[in-house]
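Sequences are here, hints too, so could you generate the full structure?
2 protein chains.
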Amino acid sequence: MAGPELAAIIANLPATVPFVGPEVIERKTGIKFRARLGANESPFGPSPKVIAAIAGAASDVWTYGDSENYELKEALARHLGTPMETITIGEGIDGLLGLTCRLYLEPGDRIVTSLGAYPTFNYHVAAQGAECVTVPYDKNDRESLSGLLDSVLGVKPKIVYLANPDNPMGTWWDASEITRFVEAVPEDTLIILDEAYGETAPAGTLPPITLMRPNLLRYRTFSKAYGLAGMRVGYAIGAPRTIAGFDRIRNHFGVTKLSQIAATAALADQDYLARTIAAIAAGRDEIISRTKTLGLKPIPSATNFVAIDCGADDTYATMLLNGMQAHGIFIRKPAAPGLNRCIRMSVGTPKDIALACDVLEDIIKTENR
Amino acid sequence: MAGPELAAIIANLPATVPFVGPEVIERKTGIKFRARLGANESPFGPSPKVIAAIAGAASDVWTYGDSENYELKEALARHLGTPMETITIGEGIDGLLGLTCRLYLEPGDRIVTSLGAYPTFNYHVAAQGAECVTVPYDKNDRESLSGLLDSVLGVKPKIVYLANPDNPMGTWWDASEITRFVEAVPEDTLIILDEAYGETAPAGTLPPITLMRPNLLRYRTFSKAYGLAGMRVGYAIGAPRTIAGFDRIRNHFGVTKLSQIAATAALADQDYLARTIAAIAAGRDEIISRTKTLGLKPIPSATNFVAIDCGADDTYATMLLNGMQAHGIFIRKPAAPGLNRCIRMSVGTPKDIALACDVLEDIIKTENR
Numbered sequence: 001m002a003g004p005e006l007a008a009i010i011a012n013l014p015a016t017v018p019f020v021g022p023e024v025i026e027r028k029t030g031i032k033f034r035a036r037l038g039a040n041e042s043p044f045g046p047s048p049k050v051i052a053a054i055a056g057a058a059s060d061v062w063t064y065g066d067s068e069n070y071e072l073k074e075a076l077a078r079h080l081g082t083p084m085e086t087i088t089i090g091e092g093i094d095g096l097l098g099l100t101c102r103l104y105l106e107p108g109d110r111i112v113t114s115l116g117a118y119p120t121f122n123y124h125v126a127a128q129g130a131e132c133v134t135v136p137y138d139k140n141d142r143e144s145l146s147g148l149l150d151s152v153l154g155v156k157p158k159i160v161y162l163a164n165p166d167n168p169m170g171t172w173w174d175a176s177e178i179t180r181f182v183e184a185v186p187e188d189t190l191i192i193l194d195e196a197y198g199e200t201a202p203a204g205t206l207p208p209i210t211l212m213r214p215n216l217l218r219y220r221t222f223s224k225a226y227g228l229a230g231m232r233v234g235y236a237i238g239a240p241r242t243i244a245g246f247d248r249i250r251n252h253f254g255v256t257k258l259s260q261i262a263a264t265a266a267l268a269d270q271d272y273l274a275r276t277i278a279a280i281a282a283g284r285d286e287i288i289s290r291t292k293t294l295g296l297k298p299i300p301s302a303t304n305f306v307a308i309d310c311g312a313d314d315t316y317a318t319m320l321l322n323g324m325q326a327h328g329i330f331i332r333k334p335a336a337p338g339l340n341r342c343i344r345m346s347v348g349t350p351k352d353i354a355l356a357c358d359v360l361e362d363i364i365k366t367e368n369r
Numbered sequence: 001m002a003g004p005e006l007a008a009i010i011a012n013l014p015a016t017v018p019f020v021g022p023e024v025i026e027r028k029t030g031i032k033f034r035a036r037l038g039a040n041e042s043p044f045g046p047s048p049k050v051i052a053a054i055a056g057a058a059s060d061v062w063t064y065g066d067s068e069n070y071e072l073k074e075a076l077a078r079h080l081g082t083p084m085e086t087i088t089i090g091e092g093i094d095g096l097l098g099l100t101c102r103l104y105l106e107p108g109d110r111i112v113t114s115l116g117a118y119p120t121f122n123y124h125v126a127a128q129g130a131e132c133v134t135v136p137y138d139k140n141d142r143e144s145l146s147g148l149l150d151s152v153l154g155v156k157p158k159i160v161y162l163a164n165p166d167n168p169m170g171t172w173w174d175a176s177e178i179t180r181f182v183e184a185v186p187e188d189t190l191i192i193l194d195e196a197y198g199e200t201a202p203a204g205t206l207p208p209i210t211l212m213r214p215n216l217l218r219y220r221t222f223s224k225a226y227g228l229a230g231m232r233v234g235y236a237i238g239a240p241r242t243i244a245g246f247d248r249i250r251n252h253f254g255v256t257k258l259s260q261i262a263a264t265a266a267l268a269d270q271d272y273l274a275r276t277i278a279a280i281a282a283g284r285d286e287i288i289s290r291t292k293t294l295g296l297k298p299i300p301s302a303t304n305f306v307a308i309d310c311g312a313d314d315t316y317a318t319m320l321l322n323g324m325q326a327h328g329i330f331i332r333k334p335a336a337p338g339l340n341r342c343i344r345m346s347v348g349t350p351k352d353i354a355l356a357c358d359v360l361e362d363i364i365k366t367e368n369r
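Residue numbers (UniProt numbering), protein chains in the order written: chain A, 1 to 369; chain B, 1 to 369.
There may be inaccurate statements among the hints.
One copy or two, it doesn't matter: identical chains are merged, so the pair holds either way.
Said to hold, decoys possible - Within a straight-line C-alpha distance of at most 35 Å, the following computed DSBU-like cross-link-like pairs (lysine-lysine) qualify:
1) Lys-297 x Lys-139
2) Lys-32 x Lys-49
3) Lys-156 x Lys-351
4) Lys-139 x Lys-49
5) Lys-73 x Lys-28
No wet-lab data here; the hints were simulated from the structure.
What you are looking at is a predicted structure, and each value in this text was computed from that prediction instead of being measured.
Here it is as structure tokens:
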């Protein structure tokens, strides 16, 4: 006998992984990456004060972390200017997206998202037996607010997902446009507004924190600009009643003690964050400038990465990606039609960017010879 | 309008928290705990080599952890003498129990567990809309293998949960009895064998690692004897096909980078683990000896805590618990009928144990005056 039966939804799931990690690629190919520019991490790292806080607390890890993440939540509430009960903290945005799907989705439910938007969200949707309805990006490589809204009004989905700024394209909408979208979505559809890249966006991109509706959850993270991807700390902001739902199913002791300490210390060092954001902006400009010189069309970005239109099709962009990988440069590319002409390069250190662009230049020159 | 509707299962959940953390109690009562003996943590902490490894890696946390937890899994496989594909790693046993419930349970399904066994498992069961059928402990305060088996054969549940050694009573069965139980459970019932306290149990308590069946998953953790509760690393061992199920729904990047590093370093320092286990055994003996002197009946324990029969009813044990809490001693007590005459004290440092037993003595003497 084969053992106990999996739940029907689970048995029907494909054994997919939303992102194949760089270490997995290294083990498969046997090639060690020389530059790690594929996961939108911050090579500028966390603040030295965060590093000191982690090292200083290393001997305290025999206790469980605070199940309410109180100190971090209090610090976030003060920093954002919103009551503590409008915040929940979880194991990265990925963890919170999983919980959100479990809170709201039942088999047969539908969600609306952009074609090529965050695959980890779709992974969690599938695990609930729900279905994704996708909307193409607009001709400026933005998530289409009008397209998403039309789909929401037609499909009447349980959830609509929108990232601002967007990943994988790096594009963004002004706060006023986002607010208009939020106000137009019927209240029985939950809006997941993923603001993972909010810190690196121009002023005026994030709607005010006071934009609260029962059907709106905004997701932010310490993984990107704060340089703490490996610590897994994300948070969601929303109306207290909506936020309270997470307490019904979350893993109450799930955020590690050091993660809480690190995130709290990171939040306290806004000077360091400001310097990181400046370094990211400079790196973004450098990637744009170098790739333009190569005849490619980098897309303006509000994030810590740049999507680069390689001027041809999926096959060409995939060839460039594979070539870079073979030379030890870890980048990614979108797979979805409409976006798959692009590769995506995270902002690395100046040295990493130079190395990656040199390799890209060699591949293109060899190709055109 | 109230916003989007929660999924029916979730809407019906009580807003319970399986364990109220000590920090939460401190904030509620305004009393700071002087001794932390309620969460079965290890005050002996992790190995100094683990502390050094965490501190040494603190600046590397800008990268996500390895999504396959490869190095830790490889080290565990070597240490346990079992292939890598028989192991999955997750955010503590709590995280893995949640995933297990999602993999197997559908609304209306039933599980069998002991009345008073691990409440966090029941919490995850409820989140799937499944129901718990409970079996009383036996007269020796052990989980009743015959009772559980009878219930399994009658109820035909999707899952049966068994901890060996047990929490909250600290009792245990020999490996041969556990093996007999495992072999008697029909293959369409998944056996969750929780071995969180396996390291502190007498030789001959854990069945050999080669006990593999499609319906058996064994759960272990770095939170207890290894002193890493705050890092959230647990693992499950089982047949490769059963283990592979976790990849369908787990949060692939969910185990933090430092958690992987810390657990790998902890596993490598078996000398330190041996010293910790000796210190735990000594502390257990001290708790038993002190509480016997007070006229209480400590129950022999294979874990890092001692359940103490206070010789009366729930009310009396609760009075002792509350008294200790008011004097800054964090302990817990079982709530279930049959077990609720007991309080449960984790093994602390000799100083903590002395303090806790002094306070307990004062309360009992005052009570008897």
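Status of each hint after checking the structure:
{"no.": "1", "hint": "Lys-297 x Lys-139", "result": "within (14 Å within a copy, 75 Å between copies)"}
{"no.": "2", "hint": "Lys-32 x Lys-49", "result": "both (30 Å within a copy, 27 Å between copies)"}
{"no.": "3", "hint": "Lys-156 x Lys-351", "result": "neither (48 Å within a copy, 62 Å between copies)"}
{"no.": "4", "hint": "Lys-139 x Lys-49", "result": "neither (43 Å within a copy, 55 Å between copies)"}
{"no.": "5", "hint": "Lys-73 x Lys-28", "result": "between (40 Å within a copy, 17 Å between copies)"}
Of the numbered hints given earlier, the model fails hints 3, 4; all others are met.
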